[in-house]
Every structure is written in structure tokens, then in C-alpha cells.
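Asks: Chains as they are written, first to last, in this note's numbering: chain A, 547 to 683; chain B, 237 to 517.
Check each hint, because a few of them may be wrong.
[Said to hold, decoys possible] Think about it this way: if two alpha-carbon atoms lie no more than 27 Å apart in a straight line, the pair counts; the simulated DSSO-like pairs of lysine-lysine are:
1. 493(B) to 602(A)
2. 619(A) to 573(A)
3. 304(B) to 627(A)
4. 618(A) to 573(A)
5. 304(B) to 602(A)
Don't read these hints as lab results, they were simulated from the structure.
Chain by chain, the residues run as shown.
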Amino acid sequence: MSIQSSVEVQTEWGIVSARQAGRNLAKEIGFGGVDQARITTAISELARNIYLYAEKGEIVIEAVEETRGTQKKKGIKITAKDRGPGIKNIREVMEDGYTTSGGLGAGLPGVRRLMDDFDVDSVMEEGTTITAIKWLR
Amino acid sequence: MHSSVVQAINDHQEQLVSKWKEEMARVQEEYFENSLPDDLVFTNNEEFIDVLYSSVRLERSEAEGKIKHFAERLIQTDWPLSYFTQGMQVFRRIVTAYIVPYINNAERDSVRLIVEVEEWVDAIVNQLVDDYSDSWIKTLELQQMALNELSAPLIPVFEKVSVMPLIGAIDTERAKLIMENLLDGIIQHRSQVVLIDITGVPVVDTMVANHIIQASKAVRLVGAECILVGIRPEIAQTIVNLGIDLSTFPTKSSLRKGIESALELTQRKMVQIENGAEWRA
Ligand SMILES: Nc1ncnc2c1ncn2[C@@H]1O[C@H](COP(=O)(O)OP(=O)(O)O)[C@@H](O)[C@H]1O
Ligand SMILES: [Mg+2]
């Protein structure tokens with residue numbers, strides 16, 4: 547599978563389009579209702595963080611496959627990229643309740659729990675790339 | 237483009253640019269009646285001329301990318317389309333005027349003819365651009381107004397009990413309206429209990445949850461009670477995954493159960509009247 551879509555996030559409309567793109571692909575891959583909700587919510591959190599903290603960036607959504615032995619598994623991968631200020635202390639932002647904007651501070655730790663694989667790569671003053679994968683069971 | 241024209245544009249860059257800026261100042265004053273913010277006009281003019289010159293110098297695809305990027309930025313700030321059309325026309329007039337002294341008399345006559353035709357065409361183009369964009373803006377404003385009216389209605393269903401059904405995505409603008417309409421409506425209808433129904437909200441992320449929590453706190457401050465209803469099972473699961481604690485928050489699975497408990501809170505209940513076997517609460 548090589549379905550991939552990229553959505554620019556610069557306004558709140560971008561957040562809505564990214565969510566929509568994610569829901570469509572999740573449905574196509576075969577995720578059920580609860581997982582579709584988890585995936586769209588995770589996209590929503592990452593896209594809103596881009597909008598709030600980096601002003602602009604993009605969300606790439608793609609179908610992924612992994613073969614382990616004879617087992618093949620399918621999944622959806624979300625990549626959130628921005629060239630914003632970066633995250634100083636990754637461990638700190640992964641704690642529940644940590645926020646610099648008066649939010650709930652539950653976004654990033656929430657995304658980690660909503661998805662299966664989760665990775666943050668951030669360089670101060672250069673930007674942040676966050677990837678998250680949900681596997682189909 | 238003809239190489240001599242490119243050369244003329246490049247050779248006279250300094251004069252052309254300063255003349256263009258002068259003319260654009262007049263456009264801002266006479267055409268836009270100084271309605272555009274001066275500081276933005278300044279930065280946009282700088283970028284406009286830079287984009288114009290790169291379109292002369294760069295490969296076509298590269299130049300197109302730059303123009304697109306510039307246009308996107310201006311669209312985001314609701315910058316008028318006529319700024320582009322006017323800006324291009326001004327540049328064309330200036331370049332043409334600069335070329336005239338370098339050509340022979342016979343050519344000059346035809347240039348004058350073309351200039352006249354162009355002035356006539358430009359005036360019509362400008363009018364059409366204005367008419368069309370005015371109509372788009374008006375349609376958008378009306379739609380925005382209609383949307384705002386629909387976006388967070390507070391409906392008084394019983395004495396002291398109101399319902400706010402939310403349908404569709406919640407953005408910052410709408411979150412603000414939800415708060416305002418809740419507080420205004422509670423005062424206006426003397427509500428003691430308000431039910432917020434999120435059955436139609438597709439995604440409840442931490443931002444939406446936060447706004448609902450804040451709204452219900454504010455509701456409590458004006459002496460009323462908030463009950464959240466219509467949390468679909470998949471939304472309940474994502475809320476738990478996000479780690480949002482709604483345990484202190486009054487919730488009911490359906491609008492019907494919410495209304496029952498709202499009536500209870502206001503010391504009332506629905507009863508089935510005798511012989512009214514058809515009727516169900
Ligand atoms: N893309 C990003 N670029 C820079 N900082 C970020 C980014 N995403 C998140 N952060 C930082 O991490 C903090 C925690 O984010 P999150 O868990 O989503 O909670 P919240 O958005 O409610 O603050 C934010 O307050 C912000 O300081
Ligand atoms: Mg966040």
C-alpha cells in the first residue's frame with residue numbers, strides 16, 4: 547500500500563482537514579469505530595500543537611505494513627512535522643498535565659496512549675517531528 | 237520574454253522599483269482609500285516586487301511556487317485580490333513607459349495604441365474583480381452569520397432547564413460562542429440546569445474537553461448546573477485514553493436521561509397520565 551496524504555496545518559481548518567484525511571484512511575485500512583476515533587483524536591492533538599506552538603507545519607498520513615515471520619500487519623502512520631521553536635525537555639512534555647499554554651497538558655501523553663508506537667524528535671529552534679503508528683489487530 | 241525587455245527591467249531595477257512603490261502609494265490612497273494597514277502594505281509591497289523580479293529571473297516552475305506562496309500568505313490575511321491586479325497593472329505601465337524612449341518613432345505609435353487599449357481593458361478588469369470579490373465576501377459573511385447562529389444554540393426546553401445541542405467540529409471561535417451563549421442564555425431563561433449534548437461532535441480532543449470543563453465551571457459560578465450528555469462509546473474511550481478525568485463532572489449517557497435528572501434537580505418529574513398508554517417519556 548502506498549496511500550499517503552499530506553495536509554498543511556496553518557489554520558484551524560487545516561486541523562479539521564488533517565483529521566478528515568486520517569479518518570478516511572483509517573476506515574479504508576479497516577480500523578473499527580473506536581480506533582478511528584483514537585486515530586482522529588491523536589491527529590487532532592498533533593495538528594493543534596503545530597497550530598499553537600509552531601504556527602505552521604504539516605501532517606502526513608500513510609498506510610504502513612510490517613512483515614514479521616509469516617505474519618503481516620497493517621497500520622496507519624501519522625507524522626507531524628514543523629519548523630517551530632522545538633521542545634526543550636521532551637520528558638517534561640510527556641508528563642500528564644504539563645502545558646505552557648493553559649491547556650490540559652494531556653495532548654502528547656494522550657497521543658502516546660491512543661497509538662501503539664510513538665516517537666518525538668525535536669531540536670531547539672529547528673523544529674519538531676512526531677511520529678505515531680496504530681496497528682490493525 | 238524578449239531578452240531586451242528582461243534586460244531593461246533588470247538594468248533599471250532601482251528606478252522601476254521606486255516608481256512602482258510611488259504609484260502603489262497612490263493606489264493605496266486613491267483606490268483603497270487607505271483602508272489597508274500601512275505597515276502591511278509596506279511589507280507586502282516589498283515581497284510583491286521581490287516576487288515580480290524573481291518571476292523575471294527564475295525558472296517558470298520556481299517562480300510559480302514563489303507566487304503561490306505569496307498569494308497564500310495574503311489570502312490568509314484576507315488581503316484584497318485587487319491589490320494584485322492593481323500592482324501588476326502599475327508595473328506594466330511603468331515598464332512600458334521606460335521602454336518607450338529606447339524604441340523608434342514608428343514603434344512608439346503602436347505602443348501608445350496598445351497602452352490605450354490596455355487602459356480600457358484594465359478598467360473593466362478592475363471593475364469585474366471588485367464586483368466578483370465583493371459578492372464572494374458578502375456570501376461568506378452571510379454564511380458565517382448563519383453558521384454562528386446555528387453553532388451554539390441554547391434552547392429552553394422546560395422552565396429552568398435548557399439544552400445546548402452541539403453538532404460539528406468545535407474550533408476556538410465556536411468554543412467562545414458556546415461559553416457566551418451558555419452564560420447569556422442561563423441568565424435570560426433563568427435556567428438552573430443546562431444539558432450540553434455532544435452527540436454530534438465528531439472529535440473530542442483535549443481542547444474541546446478543556447473548553448467544556450471551563451464552560452461548566454463558569455456555569456456553576458452563575459448558580460446553575462451543567463450536565464454533559466451524548467458521549468458516544470468510542471468518545472468515552474478516547475477521553476479515558478487521553479487521561480482526562482470527567483469523574484467529578486455530571487454526565488448522562490443520553491439526552492433523555494439528562495432531562496430526567498435535570499427535572500429531578502429542579503424537584504420535578506415526568507409522569508405518565510392515566511389512559512395515556514400511547515405516551516412515553
Ligand atoms: N510542535 C510543538 N512545538 C513546540 N512545542 C510543543 C509542540 N507540541 C507541544 N509542545 C509543548 O509541549 C507542551 C505540552 O503539549 P500537550 O501535551 O499537547 O499539552 P497542551 O497542548 O495542552 O499544552 C505544550 O504546552 C508545548 O509547550
Ligand atoms: Mg496540545
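Asks: Work down the list of hints and note, for each, if the structure agrees.
Replies: For each hint, the structure was consulted:
| no. | hint | verdict |
| --- | --- | --- |
| 1 | 493(B) to 602(A) | violated, 43 Å |
| 2 | 619(A) to 573(A) | holds, 16 Å |
| 3 | 304(B) to 627(A) | holds, 21 Å |
| 4 | 618(A) to 573(A) | holds, 19 Å |
| 5 | 304(B) to 602(A) | holds, 16 Å |
Hint violations for this structure: number 1 only, all remaining hints satisfied.
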